[in-house]
Amino acid sequence: MRKRVVSMWFPRLPSDRVLRAGLGHIADNNRPFALIHHEKNTDRIYCLNPAAEAQGLHRGMGFSDARAYCPDLQSEPADKIADAKFLHTLARWGKRYCPWVGLDGTDGLMLNIAGAAHLFGGEAKMLNDMRHSLARAGVKGRVAAADTRGAAWALTHYARTYTEDITSLPVAALRLDAKSDTSLQRLGLRTIGDLLALPRATLARRFGPDVMLRLDQAMGAQDEVIAPLGEAPHYSVRMTLPDPIGLVADVMMGTERLLVRLCDKLKAQDMGARQLQLTLRRVDQGAQQVELRLAAPMRDAARILPLFTRGVDAVDAGYGIDQLRLEATQVERLLDAQINASKASRPDGLEDLITRLGNRIGLDNIQRFLPADSHIPERSFQSVPAAYSSPSGSWASLHSRPLRLFTPEPIAAVGSKPPVQFRWRRMSLTTGRATGPERIAPEWWLPDDNWRSGVRDYWKVDTREGRRLWLFYTPQNPGWFVQGEFA
Amino acid sequence: MRVTFQNVFPLRTARVHEVCGAGAVSFAAMTAQGRSLWIRQSWLSDTVAPQGLMPFVNPEDLLFAHPKDQADALGVAEETLKDGVLPFVILEITRPLNLREGRRLQLAAKAGGTTGLCLIPKGMGSNAAETRWEASPLFDTQSEDSTLQRWEIIKNKSGTLSVWSVKWDAQTRRINVVSEVAQR
Chain A
1 MRKRVVSMWF PRLPSDRVLR AGLGHIADNN RPFALIHHEK NTDRIYCLNP
51 AAEAQGLHRG MGFSDARAYC PDLQSEPADK IADAKFLHTL ARWGKRYCPW
101 VGLDGTDGLM LNIAGAAHLF GGEAKMLNDM RHSLARAGVK GRVAAADTRG
151 AAWALTHYAR TYTEDITSLP VAALRLDAKS DTSLQRLGLR TIGDLLALPR
201 ATLARRFGPD VMLRLDQAMG AQDEVIAPLG EAPHYSVRMT LPDPIGLVAD
251 VMMGTERLLV RLCDKLKAQD MGARQLQLTL RRVDQGAQQV ELRLAAPMRD
301 AARILPLFTR GVDAVDAGYG IDQLRLEATQ VERLLDAQIN ASKASRPDGL
351 EDLITRLGNR IGLDNIQRFL PADSHIPERS FQSVPAAYSS PSGSWASLHS
401 RPLRLFTPEP IAAVGSKPPV QFRWRRMSLT TGRATGPERI APEWWLPDDN
451 WRSGVRDYWK VDTREGRRLW LFYTPQNPGW FVQGEFA
Chain B
1 MRVTFQNVFP LRTARVHEVC GAGAVSFAAM TAQGRSLWIR QSWLSDTVAP
51 QGLMPFVNPE DLLFAHPKDQ ADALGVAEET LKDGVLPFVI LEITRPLNLR
101 EGRRLQLAAK AGGTTGLCLI PKGMGSNAAE TRWEASPLFD TQSEDSTLQR
151 WEIIKNKSGT LSVWSVKWDA QTRRINVVSE VAQR
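Chain order of the listed sequences is A and B.
Each residue of the first sequence is one higher than the last, beginning at 1 in the numbering used here.
Each residue of the second sequence is one higher than the last, beginning at 1 in the numbering used here.
Because the hints were derived from the structure by calculation, they are not lab data.
Glycine included, each C-beta is placed from N, C-alpha and C at the ideal position.
Which residues of chain B face chain A? A partial, calculated answer using Cβ under 7 Å:
#: 1; residue: A22
#: 2; residue: S26
#: 3; residue: F64
#: 4; residue: V76
#: 5; residue: V85
#: 6; residue: F139
So here's chain B without its partners, still in its complex pose (with noise of 0.2 Å):
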């Protein structure tokens, strides 16, 4: 059985996922629901610029910890996730994480019966993860103000792998599924 984007999005609770590719930032935003925190190292230079996100997601709902190594965003990730005040927490990883502390962070997420969401760089997937997505921007020829994009779940615990074209709607703020009839 193939499986359906019903059945693996929204993502799990009490677990964490991984994305990467070009897409994972908006991945992260388009996902992102009610408050949630935001782990980014100081050291990387680029930002998220809360107008950018305001169609995703209310930048109030937002925070931001800027730990200075990995070492310190992984602990600020799992207390957060075993914390539960906070539903949702985006970890952006540098370096690849060994099992023992990708397992840390799932059990962390089913303490709190919060959502993980690490961002990694494409190749850097730990293990413990419970579904891994590779996302990437596709060119919209119909429409300008497009947010297509081509999401593939490229690892999944419980079933099958797959592939959606998707988009979001800014008006009903949720993910429409492109079927595939409308793209040939």
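Extracted from the complex, chain A is given alone in its bound form (with noise of 0.2 Å):
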């Protein structure tokens, strides 16, 4: 079949992204705007729309300057990713046309229709179609047809009408880089039917093979490749049922199904599952769900049915249950692990126990520790949830640390040595051996309220009726309190 290609190219694709979409505070197109580009440490307008265009403003443009020409330039940051991923959401939409769209630089698609314009009632009718989509939404562009991917391109980009002969464009069209752009116009070659009547021998010799190969693939002598975009990975599986079940052992069976095309999914793109739904839909439509979330990425169908079985178990079936659908919301890249005899790993019955119970209370509120690096005693550790995190086994201590800490209680006493007698939570004690003191300094660098009463001396107090508390006094706020207590 006769190969058909559509380019669009969108000029404007950052500045009409903005604007459409209102983000601007001012979302209208007829007044001056223009996106701002950082960089070599100057503002420069990286996309405008016609009306600054109209003012003198150019891209590239420094945005002082700018300024001074069009005082009341409306301008916002420019965000290439945003660019890129609205160029993408207009590439799922070339898939109403044929499903062969790939991305063309930055700012332009490419569409291989043959085959596919007769459904649209030819290609002209399906061309117009594209160019009122993208004028109803707002996105300038450029739509043209040709036999090669050249051709089309330089339709777009440089043809005043789109049925024009490629023959009569600049040499500039065959996508040619600046400086064989420059000695070909140096030469007197302006179009490409200039360079076409030239014979190839000597064009070759003397431009070298790249202008020979943009020419051969405008004119369809070379074949050029449209790479088109995968379908992005899509991990839910579902199951509609002819008649309702209500009892919880077909539904686990019926999990069990979606779960084990669901992992054959994950497997194949290396990837396990994180957070697991499972919405099972009532014959009454009303719908359910069961949401699990799992302490390591996994994707193996018979460990994770078993977790499903306490929230399953919660659901009201109602009149009966006539579709499930099982989606994983959340997943993680999971490599095969080589299987290692000398390495302890981390035991699989662990994960599968965190997962149960985080379900119960939480994954987040099962925690461990991890040693943190500074001398303030409760900042020297923190509580991270063990679903994200590994033990690390570098403790330490230099000063025996009290095994109960809790927040500062002040008792009465004065001086700077330990009191001989208190009171603390209505206990009189009596200090029998004191050991300090030990002064630690509040970190500066981070504002914490509760050292704003300045160094602490802390002193471990061996009372007479047992107990051993860890007792600091601050020279600079006098007063003492009780901080922790030792083992």
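Hints given; two lone chains; assemble the complex.
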């Protein structure tokens, strides 16, 4: 079948994106508007709308100059990532015309419409439909069809009318680099037709293979591929039942079948599920959802299934369930691990247990300690969710530290030496032995209200009554506090 | 026959024990063996500090669960005891357990072959407990870095009651019973 390529070029893609979404505080295309890109220490215009161009502004112009020319210029910072996303959105839209849609640079699309045009009543109608859709969406787009990718590109970027013969277009329409373009111009070769008239051998010798390649690609002598965008992987499966079910065992069996299919999908992509959602649709159109958060990325159906038991038990089946849908709402990369006899890997049983506990009390509430780099007692460790961390072994402490820490509780005492007698928590205590002081200074680079009172002198006080307390004295703000208890 | 320390300590596995008194947390830290889960309700304001735990257990081996109330705490404890992956479960209790709850914990521990330890406020013991201890710190006149404690077994399903003075030996990481003679 004869190849037929549609090229779409969006010359103002970034500014159109902002203006059509109404992201700018003015969503008015009739007023000058520009996107600003910060590079080499200056703000430059990255993209602008026709109203701004009419005022004499152009791309790459310094922003301060532009403001001088056009005081009512509205501006927004450029966002190249959002632009790329928008182009992908347009590529998805392009799939309504043909399945073969590829990106062309950062501001264009290439569609191979061979065999698809008749669905829209012919090529001309199809192109019209594209132009109308783009205009309605507020995106300025140039759309042209040709037999080759190079020719279609030349038509959108350089032709005045879309039906022009490409031999009359300037040589730059061949997608040449700036250097070859200038040297061709210098020799008086202004149009593609001039270039075609020359013998090929001399052309190749004089300008190298690149010009020949581009010329052949535009004329169809050399094939050029359009790489279609892959479908984003989609991790959900569903099952519709002819008759409603209501027994837990039946629902679990259905879930198992879905899980096997889902895990195959995950396996194919080297992914593991971190969060799963099972939606059970009832015959009365009500839907019940079972959420499952896993303590580690997993794709083993036999291990995940028992974890669903608790959630499925709690579901109210009503008049029966006739559709099950299972989706991995959060996935993580999970590569096949090398089986290794010497390395003690994390035991799987623990992860399953954490998952089960986490589904009861919340996965974030299962925590473990990790060491932190600080002398402040309450900041020398941190509690992190066990599901998202691995144990670390670098625990060290220079001085003995209390087993329990509490928020400092003031006691009545004066002087910089520990009191001989004091009352704490309604107990009268007598100091038997005091060890210290150990001075700890606040970390001034981290604001902490508890440490406003300045440096602390910590004492370990063994009381005659038995309790071993951790007291501190704040010399800058005299006062005594109990902060911890030793074993 | 009077019960000896070796008969009741280490705590019998596949059972749930109880400890109360001022030294309850130290008791838990000293008895925890291997990987353990420490269940304490999220509203409790004081924290167990890993640097303080270091002489007794490796902070790496310890997981913490912070349920919002006692019902959840009991659920988590039962699940973990039954599962058997973590051999030791510490549960901090804030209201007395009834016989059903205590019995369920015992059955879970039996099913999983694990040991449970409930830290209870004084007088809130459950009848289902295998042993109940009262731990209180003692002032040690001899040494400075001491962990001298008085451990009294105040309930024992399979023996008589007794009392010992114990000390933690940081080098060998084990409990030493201070002999009666040395105390005099």
